[in-house]
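Here the protein sequences come in this chain order: A and B. All letters in the first sequence, in the order written, are residues 203 to 340 by the working numbering. All letters in the second sequence, in the order written, are residues 611 to 726 by the working numbering.
Source of the hints: derived by calculation from the structure; they are not laboratory data. Every residue, glycine too, gets a C-beta built ideally from N, C-alpha and C. Errors might be hidden in some of the hints.
[Said to hold, decoys possible] Restricting the straight-line Cα-Cα distance to at most 16 Å, the calculated cross-link-like pairs of lysine to aspartate or glutamate (EDC-like) are:
#, chain 1, residue 1, chain 2, residue 2
1, A, Lys273, A, Glu330
2, A, Lys265, A, Glu276
3, A, Lys273, A, Glu263
4, A, Lys273, B, Asp649
5, A, Lys215, B, Asp649
[As the list claims (entries may be wrong)] These stretches of chain A come out as covered by chain B in the derived footprint (C-beta under 8 Å, 3 or more residues):
#, region
6, 214-222
7, 261-270
8, 318-331
[Stated by the list, open to error] Here are the computed distance ranges between Cβ atoms for each label pair:
#, chain 1, residue 1, chain 2, residue 2, range
9, B, Thr655, A, Leu231, 16 to 24 Å
10, B, Val626, A, Thr216, 53 to 61 Å
11, B, Leu660, A, Thr269, 46 to 54 Å
12, B, Leu702, A, Val274, 37 to 45 Å
13, B, Met646, A, Gly212, 42 to 50 Å
14, B, Leu660, A, Ser226, 46 to 54 Å
15, B, Leu627, A, Leu218, 25 to 33 Å
16, B, Met670, A, Arg329, 28 to 36 Å
17, A, Asn334, B, Ser620, 40 to 48 Å
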Amino acid sequence: MAYQPKPPEGWLKTNLKYTKQSGSWAWILHRITGLGLTAYIYLHIIALTSLTKGAKAFDDEMKLFTTPVFKVLEWLLFSLVIYHAFNGIRIVLVDWANGARYHKKILTVVYGLGIVLFIGMGFLMFREPITNMFASIR
Amino acid sequence: MYKHTGSRGSGAPGWVLQRITGILLVVVVIGHYFIMHADPASGHTYSAVLERMHHPFWKMFDLTFITVGLWHGLNGTWGIFRDYELKPAVSLTIYGIIILSGIAFWVLGVNTILSF
């Protein structure tokens, strides 16, 4: 393979200059969410090592992770999971099932179903506070 | 000829495995999220977790999850770096960090799972 000279203005500028259609954004988002999820696995592994330090250490840690702020972060994390999973299916279809012919339609499904599942997950996770809120209004 | 670390092979085995592990992870991660993260009553106390951890099925589930998940994540991360023209020393450093931290965190996680 021939050695490609670097573009004169650097790769960031070159990348920003590209005309981006929906597929380019899907590609960019897939990379960002992938890096985010990989970082999260590392955090997840470190956090759960407290299991080896006995009941008190673990339960104290869980008290922190079940505070509202962490619950909301956990919900937001689901958007990364769901996007990366669905767009991943889209990538497999493009590579192995002639998906290049219909990849824009799948992308609509990815975003649509993703938003629906994200909101659904929100209801599942915050069932109790939501019910309490409506109960207090009535 | 082999100017850049990681450009030696075609990358095809990693590419295929990335898709296969990805398909597996779609099921496993979304399942895990619905079981562990969606339901507030799913049991996050020490005793509830220990009960699950003693079960061979969940042990296998967690070992598979951690192995496949880490590999998929780190192979993907390396794939991103492979897209850019890095100096061999930089490339080798990043590759080293990915491999070493991957092994370290895998051992850490497996140690947690197998200590019950």
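* Hint by hint, which ones does this structure get wrong, listed from lowest number up? -> Structure breaks hints 5, 6, 9, 10, 11, 17.
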